[in-house]
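**Q** Spelled out from the first residue to the last, the chains are:
8 protein chains.
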Amino acid sequence: VRRREREVDLGYARLDLERPERCGLHEAVFCPGKTPRQIADILRTLRDKERHALATRADEELFRAVSVDLPDAVYHPAARCITLDAGPLPRPTGRVAVVTAGTSDIPVAEEACLAAERLGARVERVYDVGVAGLHRLLGRLNLLRRARVVIVAAGMDGALPSVVGGLVACPVIAVPTSVGYGAHFGGIAALLTMLNSCAAGVMAVNIDNGFGAGVAAALINRHR
Amino acid sequence: VRRREREVDLGYARLDLERPERCGLHEAVFCPGKTPRQIADILRTLRDKERHALATRADEELFRAVSVDLPDAVYHPAARCITLDAGPLPRPTGRVAVVTAGTSDIPVAEEACLAAERLGARVERVYDVGVAGLHRLLGRLNLLRRARVVIVAAGMDGALPSVVGGLVACPVIAVPTSVGYGAHFGGIAALLTMLNSCAAGVMAVNIDNGFGAGVAAALINRHR
Amino acid sequence: VRRREREVDLGYARLDLERPERCGLHEAVFCPGKTPRQIADILRTLRDKERHALATRADEELFRAVSVDLPDAVYHPAARCITLDAGPLPRPTGRVAVVTAGTSDIPVAEEACLAAERLGARVERVYDVGVAGLHRLLGRLNLLRRARVVIVAAGMDGALPSVVGGLVACPVIAVPTSVGYGAHFGGIAALLTMLNSCAAGVMAVNIDNGFGAGVAAALINRHR
Amino acid sequence: VRRREREVDLGYARLDLERPERCGLHEAVFCPGKTPRQIADILRTLRDKERHALATRADEELFRAVSVDLPDAVYHPAARCITLDAGPLPRPTGRVAVVTAGTSDIPVAEEACLAAERLGARVERVYDVGVAGLHRLLGRLNLLRRARVVIVAAGMDGALPSVVGGLVACPVIAVPTSVGYGAHFGGIAALLTMLNSCAAGVMAVNIDNGFGAGVAAALINRHR
Amino acid sequence: VRRREREVDLGYARLDLERPERCGLHEAVFCPGKTPRQIADILRTLRDKERHALATRADEELFRAVSVDLPDAVYHPAARCITLDAGPLPRPTGRVAVVTAGTSDIPVAEEACLAAERLGARVERVYDVGVAGLHRLLGRLNLLRRARVVIVAAGMDGALPSVVGGLVACPVIAVPTSVGYGAHFGGIAALLTMLNSCAAGVMAVNIDNGFGAGVAAALINRHR
Amino acid sequence: VRRREREVDLGYARLDLERPERCGLHEAVFCPGKTPRQIADILRTLRDKERHALATRADEELFRAVSVDLPDAVYHPAARCITLDAGPLPRPTGRVAVVTAGTSDIPVAEEACLAAERLGARVERVYDVGVAGLHRLLGRLNLLRRARVVIVAAGMDGALPSVVGGLVACPVIAVPTSVGYGAHFGGIAALLTMLNSCAAGVMAVNIDNGFGAGVAAALINRHR
Amino acid sequence: VRRREREVDLGYARLDLERPERCGLHEAVFCPGKTPRQIADILRTLRDKERHALATRADEELFRAVSVDLPDAVYHPAARCITLDAGPLPRPTGRVAVVTAGTSDIPVAEEACLAAERLGARVERVYDVGVAGLHRLLGRLNLLRRARVVIVAAGMDGALPSVVGGLVACPVIAVPTSVGYGAHFGGIAALLTMLNSCAAGVMAVNIDNGFGAGVAAALINRHR
Amino acid sequence: VRRREREVDLGYARLDLERPERCGLHEAVFCPGKTPRQIADILRTLRDKERHALATRADEELFRAVSVDLPDAVYHPAARCITLDAGPLPRPTGRVAVVTAGTSDIPVAEEACLAAERLGARVERVYDVGVAGLHRLLGRLNLLRRARVVIVAAGMDGALPSVVGGLVACPVIAVPTSVGYGAHFGGIAALLTMLNSCAAGVMAVNIDNGFGAGVAAALINRHR
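Residue numbers (our numbering), protein chains in the order written: chain A, 1 to 224; chain B, 1 to 224; chain C, 1 to 224; chain D, 1 to 224; chain E, 1 to 224; chain F, 1 to 224; chain G, 1 to 224; chain H, 1 to 224.
Everything labelled a hint here was simulated from the structure, so no lab data went into it.
The beta carbon of each residue, even a glycine, is placed where N, CA and C say it ideally should be.
Check before you lean on any hint, since a few could be wrong.
When the alpha-carbon atoms are kept at most 20 Å apart in a straight line, the in silico DMTMM-like pairs for lysine to aspartate or glutamate are as follows [as the list claims (entries may be wrong)]:
id, chain 1, residue 1, chain 2, residue 2
1, E, Lys-34, G, Asp-72
2, D, Lys-34, B, Glu-60
3, H, Lys-34, F, Asp-59
4, H, Lys-34, F, Glu-5
5, G, Lys-34, D, Asp-59
6, A, Lys-34, H, Glu-124
7, B, Lys-34, E, Glu-60
8, B, Lys-34, E, Asp-59
9, D, Lys-34, B, Asp-59
10, A, Lys-49, A, Asp-9
11, A, Lys-34, H, Glu-60
12, F, Lys-49, F, Glu-5
13, G, Lys-49, G, Asp-72
14, E, Lys-34, G, Asp-59
Calculated Cβ distances over 10 Å to all of chain E for the following chain B residues [as the list claims (entries may be wrong)]:
id, residue
15, Arg-44
16, Asp-72
17, Asn-142
When you get a sec, could you build the whole thing from the sequences and use the hints?
**A** If you want it as structure tokens, here you go:
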């Protein structure tokens, strides 16, 4: 009996093939700082080893360059991601709500949706319901209360996760976004708001880290 | 005709006697770093020149020391202030609402109330209505909507001024408080939230600066 | 009787139609991060619902792209704003003074002027009167003292609002600008100066937030 | 049928009685800045309204003062918490692992354990297994892999959550602690490490916020 | 002919005896972190080597302990300094003006005065003339304009050096003080204001560094 | 007798014509954020009012645009400045030494040289003598010791001013430069080094502020 | 054959017994946050397992409490450390020079000396040779040049490691100390100076981390 | 006998020819901010004086420009460096291991490898072995344990040096890289992790400073 392969060594990268079994998720490629050729090679190698492959922070120009080498890659413009699947994805189950405070937070939210969906979560989107017009949020409470976990992406004052955290009984994952200016410091103001949330049970990920939020939500969403 | 006195020189301080006419407010004493004797001298001198006198950030021990020299000084424990009046204060008019997110923000709010009241504002208090339990705030909206200006004091995530700013049509003055820990940085997190408020028309003052907020509110509250 | 519409859902944005009644101001569009098409759609929708529409932080190139879809939009180059009005604006009343320390602070000041004027304020401009040449400011004191509220935009050391605050009896709104270099940190130095103002009654908004200052000033300027 | 009470107004505090139904948790008291009398009153009021009551960040001296008014309060020295229960707690189910990097992180971890246990979680402790001696952690992997969620408290370099995140398939909640000195900035260094974790699915709470981590873990641990 | 001694080695300190010739000033002792015995030994050794000796940041209790060993040491309470002279000090010449914004900045200013006077400067004090009451400063302009160099100590907004720099034709040394709270960061806000001064020719020293400002002013004040 | 003109109002700028008499220096133009046309207008107006005019932070492209309107303007490429003189400059007197730690600090140093020379100082340049090769500095000590004031520009660790301050008996003006990377924070590391200099009498200006250092040095260099 | 013990579990701590073989050093106890009883237990357990034991950051009062339980523990007051040895220490070999800029840096340096000596290094001390009096350092160059590695502890401007790094051909370990005030930020200024050193080959450890510097120096000092 | 030349003065640069003897390394050129002509001149001058010459942070475009003047220069694309040698390099001895956490850290690591190799070190590369997949590192332990010193380059959480430090008995040099986003602050998060490493003996250099790490490692690697 052959022992299962643990990694593939591409010289510049060692692909961790055990990650699905060990961590419940696939290795993902963070595109900035990698060449289109490297990205295509990593995606193809993962697919060839029967792993679903995802590359984040990819603009359209990068996708076009990658797809020269990899014509069956798929681009997700709203989430700025490239995917290459090794077969059918899991059937969506459970329920993850993904909320944004404003329009500009949508790309981060879409990255979260894609990451969560690929790990088997059914996702509901609730966008542009920031606290300056509370009725927009309050009108969608039933939807939020059906979720097993809620992701809230917000820039500017980052106040929305605290408000949501005071309205639902499931875990809340807060994603600060870099949307803002001046004393926003590229998302730090929103991040601090979330870390200091007066609603217990709110957890935070890094600024603009929709992918991480989506993965965490999918892990929470799974029944065990 | 004698020209009006512009200042009194105490050696270590020059009291600005024109401030009421020029700026619409009285000189106030920030106690930290001054001796009880200096504080008593300044208060007495102001009163003797027919000015109402206010000293902020005074604990009870300091008050006791000051009142040895100045037995008619009055202590306001909730606001941690000492006052010494040169006569009757103005009759309260208009309406300033003073709101806090939590119990620990009350001392800062009371400093604001006292400062505003002494400059002629009628003040309404709405305390402990933070965003983690929104119904507490929403149940008091009518009261907030009757105000000419709302002061909102909040520590932790500092999210309350944005929510209030989205519910009222008057100016909102946000006062970050130092209530919090860890990545709160002694109030910086709340201050940043307020500066990045997604509700237009929210203005901020320094951390724990209830006095400044009260003065600004009183100036706004005045009809001109 | 049909209940008034509360919001319009554009998919990527939910326009808050109640804002004028609830908050005393119109929804405004912060352009960075939105496409010309989105901006044009939002402006047109607001106008169609009989709201005055304003888009901030728009350069000329963006305006040209927007005006392809929206030929009756108007560009305000000094304020870098686009407007689209649903009818006549309110008649200017009261008096708001808008002051700058230097020439480079003027775009931020003009954004404040436009925002305040559209909400009914009469505006007086006093530009380039920074503290390194005090006689320029002192020569215009009468003008400042006639105002109901003064906006002061300053970069560099941000010292001007403190000086103005010591000379007038109305509220002062300080707007730090990103004009500076080195240890200015893109406006943080000026912001901190303003938050620590030794003149009571000075309030601050975010760096370069002329719009917010103008809205707040207009709310203060209104008689109630 | 009498409508259920939503809040109790103590003057300085409005107790949110709906929180268990709305948010799945009880109101907790953050002790710093409150008097023993206030803490005792809040705890007693909650218990009288049939809520379990918990007060965090309480040292022994504070407990002694509180227990004068409230002799049946219980002190948890390892977690520095006071509890007062309205009846039996829920039976522990599921499994939450609570891990620390060092000995000094234990008080924060114990606060997390207590918070999670009171919300129905069965808790397993794995203490002092920091990355400078990896074999200590690797020897307890089976235990970690049985958990539905893992809390990792770490000060100093804060590296442990990344290592744990790479070894388990459940969500990981990272709690930075203020244990460290110099360029640790009271926990900021560890917090940043956790926010930048190279293991996907790691979420962070505020520095020393064991309570928040415990609540979030309990919410994740519940089957729904 | 014996070569002049360059240093004295006390084990824990090497006293630099050449400093007067090389740098135009005497070695000074920064007290925090040193024992009374060490301070007394250093002062005595310097005096024995015919140097004037100065110790800064000394409170009265420290002075009492030092004077046990060194009964002819002199305490300067306003400047919080101890001196021990090896003979007569230089005759005061030139003119250095030392200005403060407020009363609480006086200890820092007095340290500057003492340091400058001991290096031969004639000093004029102008205290409590902050920008919130400009007439206090403008009334003393003639005095400032007679100086060869002006030291300005200010906390809070730190705005005074910019105003002074716009009124005089000599160099201005700005000393930020730690007087303030909240977003003052122990003097950082005032320091940044001074570094970003819109008046050319303003130089800054470290927060509360009255000694350094006094030394620099004395070096500038000397005719060469 | 006609009273001397105090200012010229260009609409977007008020030129302060009294500055030479009041402050001992000419108004200078900081180019970033101004159009070539504005710069040319300001320079010409100053010259027409018989003031020497200087514009800083000008690259060659900006100069070419300015010189279309102003053909007799002169470009100083090493200092990145434009000048337009109203007549002969003052004869150089005294002695200012301008030192750099490295080659990349030279543009900042040259700006200082130009500013000082135009205010009448004789300038000596000592470039690339950083502390990693001390013999380069020690070999030029005589030259430094002849100066009335020394300017030291340094990036990276910013250590050179402390070393120079320990070797000369005149005032030292430290100019941090933005030369560095990583934890240099665009010059902050060097600035902090200089503010914390262990050599008394070292003063600092803002990062890359060669102009301010040159002005201050010229004011010190003047005999009065 | 019994397998060697890898760890001892004290409940609150797991002592890593393999560390000497694996990492070349003994486990050390960082005292802050531990009780005297815990410290005594850990030291005794290590000694009983035939390891040399060291506890850092211990003041005399802590030592007295520890020595009640552990009468053969030894206190090193200059280094603020407690030791308990399991037998003779290694014979000193090689040569490590430990340098300080000032007197107040000595406790940190002594901690480094003790840590290095216990791991077999011969140590030479060169104290109070900061850059404001360079001749003190230059007079000891021969001693520095004989070392295999030099540790330099400095607070204030932290400039000394750069100067030393430019004078010796061995590795330099820079230890920033918290000695300073104002914009020193408890050692950050000195740390940044060292990280930005213009001398190649300078490495830094955390603020006041004499222990870490001593261990690293001892590892470098060993011949292999 | 002619005394050896100590420096070459190019006007804009003074080349330190003694550095190899004094510091054990060659002068290197940091390219940013220098013209291709200056770089070529410096490299040629060093080579002509029989020194090996290295220029760091050079992209391909810069190399092409430099090689016009200097056709025998060699480009190292992985390390982004240019070299020009005065003869054969030293024979590699000892062993330095260079480790990276991820693929994007490789350019920094290669700069370290080149710097170390040119100073005589034999280098082993171990790339992409970050802590999220520990088995990749544990599988290469023997290789790491043969090294005299290990360099670890890591961005993101910067956790790898702590893990390596707990596994090897030689000194570890940690190089934070700027690989990351959001609260990574361009490498600060990784730098702080490394400075706070819980493994004793870990030293840090500036962000992305592969060159400095390589030099320090080569100095440690040398037998003396």
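**Q** All hints are to be evaluated individually against the structure, with a verdict given for each.
**A** Status of each hint after checking the structure:
Of the supplied pair hints, the one linking Lys-34 of chain E and Asp-72 of chain G is violated, its CA atoms being roughly 30 Å apart against a limit of 20 Å. For the hint pairing Lys-34 of chain D with Glu-60 of chain B, the CA-to-CA distance comes to about 17 Å; that is within 20 Å, so the pair holds. Between Lys-34 of chain H and Asp-59 of chain F the CA atoms are separated by roughly 16 Å; this keeps the pair inside 20 Å, and the hint holds. Of the supplied pair hints, the one linking Lys-34 of chain H and Glu-5 of chain F is violated, its CA atoms being roughly 46 Å apart against a limit of 20 Å.
Taking the CA atoms of Lys-34 of chain G and Asp-59 of chain D, the gap is about 16 Å. The hint holds against a cut of 20 Å. Pair hint Lys-34 of chain A plus Glu-124 of chain H does not hold up; C-alpha atoms about 23 Å apart against a cutoff of 20 Å. For a cut-off of 20 Å, the pair hint linking Lys-34 of chain B to Glu-60 of chain E stands: about 17 Å separates their Cα positions. Distance restraint check for Lys-34 of chain B and Asp-59 of chain E: the Cα-Cα separation of roughly 16 Å lies within the 20 Å cut-off, and the hinted pair is therefore satisfied.
With a C-alpha separation of about 16 Å, the suggested pairing of Lys-34 of chain D with Asp-59 of chain B holds against the 20 Å cut-off. Note on Lys-49 of chain A and Asp-9 of chain A: the hinted pairing holds, with a Cα-Cα distance of about 13 Å set against a maximum of 20 Å. Between Lys-34 of chain A and Glu-60 of chain H the alpha-carbon distance is near 17 Å, which keeps this suggested pair within the 20 Å criterion. Restraint check for Lys-49 of chain F and Glu-5 of chain F: the C-alpha separation of about 9 Å stays at or below 20 Å, so the hint holds.
Simply put, Lys-49 of chain G and Asp-72 of chain G have alpha-carbon atoms about 16 Å apart, close enough for the 20 Å limit, and the pair holds. For the given pair, Lys-34 of chain E sits about 16 Å from Asp-59 of chain G by alpha-carbon distance, which is consistent with the 20 Å threshold. Taking the minimum C-beta to C-beta distance to chain E, about 16 Å, the non-interface status of Arg-44 of chain B holds against the 10 Å cut. With a least beta-carbon separation of about 23 Å from chain E, Asp-72 of chain B lies farther than 10 Å from that chain, consistent with its non-interface assignment.
With a minimum CB-CB distance of about 33 Å to chain E, Asn-142 of chain B clears the 10 Å threshold, and the non-interface call stands.
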